[in-house]
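Asker: Each chain is listed here by its residues.
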Amino acid sequence: RKEVEQDPGPFNVPEGATVAFNCTYSNSASQSFFWYRQDCRKEPKLLMSVYSSGNEDGRFTAQLNRASQYISLLIRDSKLSDSATYLCAVDDYKLSFGAGTTVTVRA
Amino acid sequence: ETGVTQSPTHLIKTRGQQVTLRCSSQSGHNTVSWYQQALGQGPQFIFQYYREEENGRGNFPPRFSGLQFPNYSSELNVNALELDDSALYLCASSLDAGGKNEQFFGPGTRLTVL
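Line order of the protein sequences matches chains R and E. Positions 1 to 107 (this note's numbering) are the ones given, in order, by the first sequence. Positions 1 to 114 (this note's numbering) are the ones given, in order, by the second sequence.
Bound conformation, chain R alone (with noise of 0.2 Å):
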C-alpha cells in the first residue's frame, strides 16, 4: 500500500462552483499534514498546514479524519486561478507525497 494516496482526478468544474477531493494515508501515527499548489513545471508551494482537526483559510477548508486517516480539501466558490495540481503530504520528519489531484475551473 502507498504511504499516501489521492484521487488523481482531474476535477472540471465551472467558476463559482465547490469542488472536494481526499488523500488517505497509511501511518496512523503521522501528525502533521499539508496541502500544497503546483502549476504546471513549477515548484510546490504551500497552500495549508493541518495539525488537529482541521484548518481554515478563506476559500479552503482542510479537514483531519484520523480515524479513517483521510484528509480532505475543500475550495469553495472556485476561480479559474485555482486551476493547479493539489498535492497531500504527510510528514513522518521526511514529507510523502501523494500523485497530486489535478483541478481545472473553466469559465
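Hints are computed from structural coordinates only; laboratory data are not their basis. A few of these clues could be false.
[Unchecked claim] Going by beta-carbon spacing under 7 Å, a handful of chain R positions derived as facing chain E: (1) E43; (2) P44; (3) L46; (4) Y93; (5) L95; (6) F97; (7) A99; (8) G100.
[To be verified] Here are some chain E residues the structure puts well away from chain R; computed CB gaps all over 12 Å: (9) R51; (10) E52; (11) R63; (12) R110; (13) L114.
[What the hints assert, rightly or not] For lysine to aspartate or glutamate, the following EDC-like pairs were computed, each having C-alpha atoms within a straight-line distance of at most 20 Å: (14) R:K45 x E:E1; (15) R:K79 x R:E56; (16) E:K100 x R:D57; (17) R:K45 x R:E56; (18) R:K45 x E:E102; (19) R:K45 x R:D57; (20) R:K79 x R:D57; (21) R:K42 x R:D82; (22) R:K42 x E:E102; (23) E:K13 x E:E82; (24) E:K100 x R:E56; (25) E:K100 x R:D92; (26) R:K42 x E:E1; (27) R:K45 x E:D96; (28) R:K2 x R:D92; (29) R:K42 x E:D85; (30) E:K100 x R:E3.
Cβ coordinates follow ideal geometry from the N, Cα and C atoms, glycine included.
Since the structure of chain R is already known, use the hints to place chain E on it.
Answerer: Then chain E, alone, in the frame of chain R:
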C-alpha cells in the same frame, strides 16, 4: 517567493555522467530536504540534511549523495547517471528538522539524461 534558490534551472547530461545540483536555503532555516519528481508523480524524498549531517534517507541508491555547508546551503550529487534520473529535482528548506516544520520549496532543477 520562498527565498529558496536552486541552480542550475535546467541541465542536460548523458548516461554515465555525474551532476551536482545546488540549493540555498531560506534565511534562518537549518534543514534542507531533497526530492525527485518524475513527470506525473508526486515528489519522492531523497534525503534530508540538518545542521550539516544527513538526517534520514529515502529509497535511493548510494550514487545519490549530498552535502550541507556551514551556511546551510546544500548540494545533491548524482553519479553514473541513468535515463530514469531525468526528473525535476526540488530542494526544500525548513526552520528545523522534525514534524510540524513547514517545508518551502525552491524552483527546482530540471535534469534531462540522454
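Asker: It remains to establish, for every hint, whether it holds in the given structure.
Answerer: Comparing the hints with the structure gives:
1. E43: Holds: closest Cβ of chain E sits about 4 Å from E43 (chain R), inside 7 Å.
2. P44: holds, 5 Å
3. L46: Since chain E brings a Cβ to about 6 Å from L46 (chain R), closer than 7 Å, the hint holds.
4. Y93: Result: holds, 6 Å to nearest chain E Cβ.
5. L95: The hint holds - L95 (chain R) has a Cβ within 7 Å of chain E, the shortest such distance being about 6 Å.
6. F97: holds, 3 Å
7. A99: holds, 5 Å
8. G100: holds, 6 Å
9. R51: holds, 14 Å
10. E52: Consistent with the label, E52 (chain E) stays out of reach of chain R, its closest Cβ about 17 Å off (over 12 Å).
11. R63: Its Cβ never comes within 12 Å of chain R, the nearest being 20 Å, so this holds.
12. R110: violated, 8 Å
13. L114: The assertion about L114 (chain E) holds, with a minimum of 19 Å to chain R.
14. R:K45 x E:E1: Roughly 9 Å separates the two Cα atoms, so the pair holds.
15. R:K79 x R:E56: holds, 17 Å
16. E:K100 x R:D57: Holds - the C-alpha atoms of D57 (chain R) and K100 (chain E) are around 18 Å apart, at most 20 Å.
17. R:K45 x R:E56: Within the cut-off at roughly 17 Å; holds.
18. R:K45 x E:E102: With Cα atoms ~11 Å apart, K45 (chain R) and E102 (chain E) stay inside 20 Å; holds.
19. R:K45 x R:D57: holds, 15 Å
20. R:K79 x R:D57: holds, 15 Å
21. R:K42 x R:D82: holds, 15 Å
22. R:K42 x E:E102: Holds: K42 (chain R) and E102 (chain E) sit about 18 Å apart, inside 20 Å.
23. E:K13 x E:E82: holds, 10 Å
24. E:K100 x R:E56: holds, 17 Å
25. E:K100 x R:D92: holds, 9 Å
26. R:K42 x E:E1: holds, 12 Å
27. R:K45 x E:D96: Cα-Cα ~18 Å, so holds.
28. R:K2 x R:D92: OK: K2 (chain R) and D92 (chain R) at ~14 Å, within 20 Å.
29. R:K42 x E:D85: Distance of about 18 Å is within 20 Å: holds.
30. E:K100 x R:E3: holds, 18 Å
Consistency note: the structure conflicts with earlier hint 12 alone.
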